[in-house]
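Visitor: Read off the chains here:
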Amino acid sequence: MKKFSPARLSQLFFLTLFLVLFLMTEYRGSDRIVAAVNGFFRANPLTAASTMLAAREYIPFLLPGLLMLVLALFLGRFFCGWICPLGTVLDLVTVKIRKLGPIMALQGNLKYWLLFPLLGASLFQVNLAGLLDPIALLLRALTFFFHPLLGETVRGSWRSLYGMVGDRRDMLDPGYHLLRDYLLPFRETLYPLAFLSALLFFLILFLERYERRTWCRRLCPLGTLLGLVSRFGLLRRVPAKLCSDCQACRELCPTSFDQELLQTEACILCMECALKCPSQRARFSFRFRKKHRLNQGQMLERRVLLGGLLSGLVIAKTFRFRDPEQQSLLLRPPGVRNEGEFLEKCVRCGECMKVCLRSALYPALTQAGMEGIYTPILVPRLGYCEYNCTLCGQVCPTGAIPDLAAAAKQREVIGKAVVDKNHCIPFAKRTDCIVCEEHCPIPQKAIRSEIVELLGFDGKVVRVKQPYVVDELCNGCGICENVCPLEGKAGIKVFAVKDRTPLKEPSATAPASDEDPYGGSSG
Amino acid sequence: MNRRRFIKVVGFCSLFMHSWLRELFAAPGSTVAVARGADHAETTRKAIAALGGMQRFVKPGQTVVVKPNIGWDRAPAYAATTNPTVVRTVVEECLKAGAKKVKVFDRTCNDPRRCYASSGIEAALKGMKGVEVKHPEEERYKTVTVNGKALKEFEIYGEALTADVYINVPVAKHHGLSRLTLGMKNVMGILGGNRGAIHKNLDQALADVNSVFKSHLTIIDATRILTDHGPQGGDLRDVRVLNQIIASTDIVAADAYATTLFGLKPSDIAVTRTAYQRGLGEMNLDKIKIVKV
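Protein chains in written order, with my numbering: chain A, 66 to 588; chain B, 417 to 709.
Bound-form chain A, shown alone:
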């Protein structure tokens, strides 16, 4: 049996954890989610740095990320070699890929030209780090592409099996239910940007053709950030150079020995060299005295730093154009009251869209301007915000969507519904409908109807219930637009509003009783 190194064991553990948490980021019968994949983002230094820079405040959720950055001072890029799930995926597939040799264009300062503009944009309140964050890239590829693909494939076969054997399929139910309950997404959802998400992921895999961990050492902004910190790292491999009599490290090392000198910034602490050194010379030890701290690798030039930050300004300020027509329909998840603050904190990880109970949240393409690409928007015609559900706030790693109690979330305003009399059936066709009123979850009903006597198109007098919206009660959940029986354009539509002050609490409270006399039988 193959023996795993400690680093590999840790990698496999965290990859498994990541996938398990990914599957747990879903409604499973309880109002609260026990654990979600957001832990990976909260412990992500890049997320922490860019979000806190953009929001200009300390965000307690992201403390683990800061700690990870401090830890990198001692342990270098151990995150990349021991934890990062994307790195693990690369390590697992790279052995099957023949190498063509490094791409010159990716050498040098390119990685800084990715990292600094991202952080620079944060200084101007646009949080873009998530676009190239490795965990976010992986999560979005899973959420928007792989998981739906799995669901569609399995469910599709299950359906066609029914076409073949009919009700006899029931015998296989237990096995399918296991799959359905633990592995598959609840419903089939098609996401915009699925292609881009998958493409970026496959591109990163494709780069493995050139050298091992190309993405990690040449591009990844998270790795670059950790690499910068690890310059001051205390845990060092000795000897720092290839030994002239052996040079085995050149083959063993996945990231750092493309030159004579070990590239500290790229070392991911996998410890392969120490474990497999033929003469047991290579080892890792803490060095505190300055003279041992050779600063290897190219120094970060000042013009790269300044240039990078300046491009951050350019990026932050040049993609802000927003089409007003699309703005009127730009609905954010519940609890988001201010677009500017939202853009500071949203890291575009895709978790809210993964967890959304009714598949109501989708990544924006241009709806929020180019600056808002991949941020979540609510599309009521595809799914509405479930009245009693608070999952998106629970999983948001940065608090961009606040984690609210159900009663508070129910009062948060997403938008306001407006009846379109040209389409709405009781107005346009003069026949009854009122499906929107039926579904409106507000106990006092934000959609009500009045009985109107009209002359029908056949000349007879008809009494029709026509809906109207009570703005003071509407929270813009979008169920009305979602269930409107009209095909295509709905007869009622939720529009964005600037003033998202929460609805007032219901005035007179219902008789409070903890005892629920109908709460299910107990035996």
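Simulated from the structure, these hints should not be mistaken for laboratory data.
Hints should not be assumed to be uniformly reliable.
[What the hints assert, rightly or not] Derived, one-sided and incomplete: chain A residues facing chain B with beta-carbon distance under 8 Å:
id, residue
1, Tyr92
2, Ala108
3, Tyr227
4, Arg423
5, Asn453
6, Cys498
7, Ile499
8, Gln509
Don't be surprised by glycine CBs; every beta carbon is placed ideally from N, CA and C.
Mind docking chain B on chain A? Use the hints.
Guide: Then chain B, alone, in the frame of chain A:
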């Protein structure tokens, strides 16, 4: 008088003696059992017993569908969904009568997972042998042609069609469009397709559905009723506790009686009235045998 003449006479008579003929051919005397009691399991059992017990409807080895209202993501106290104790008792009675399998499902309006959990019905039936609480699967809907007054065809859930016995267990509540939703409307839970479109001509559409698809037994949960802001409610001030269970083999008669709980006449409800006019059952309370237990 030869056969042809006889048919002519009868046909002719039917023009003038419409109601007389209806009485002749209608099921003689619809019976509605009304049970009262704060112990809802016991009350449900009493109502079923008053109709002759579950063994009258369920024979050993049969597959039964029990169709409660699980339409909304509301706790049982809000009276938007069927009382879980009632559902459980009906299922138990089916099993006692020898049912091989009891299937419980509804096509929900809110998220199905949340509805099944919040209604308490999933939890109430958990772990019972021979009971399946399941979400409808879209491939199981079958298109049924009716050529009715409002609907030409519609999709019915396959498992409801193939079941030996179909027991309809609605909750009595207010409804924005039809004023009340009772047994007739609860059958919408086994329809597929664009159900919203049915609302355009709801009473005729429901009569179409119920004339093709018959509930063998209707048990209306009026342990508590939703009197306003239905069918979803959400305010306990709209809920009234009545501790009643209404059961009948005549879905129109059951609905007709339940209407009185809201202080309304059966003829006030267009769905009930239309069903009666189309001969689906009895709605005149003085012609219904009401057994109070």
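Visitor: Evaluate each hint against the coordinates.
Guide: These are the hints, each one checked on the structure:
no., hint, in the structure
1, Tyr92, "holds (6 Å)"
2, Ala108, "violated (30 Å)"
3, Tyr227, "holds (5 Å)"
4, Arg423, "holds (6 Å)"
5, Asn453, "holds (5 Å)"
6, Cys498, "holds (5 Å)"
7, Ile499, "holds (5 Å)"
8, Gln509, "holds (7 Å)"
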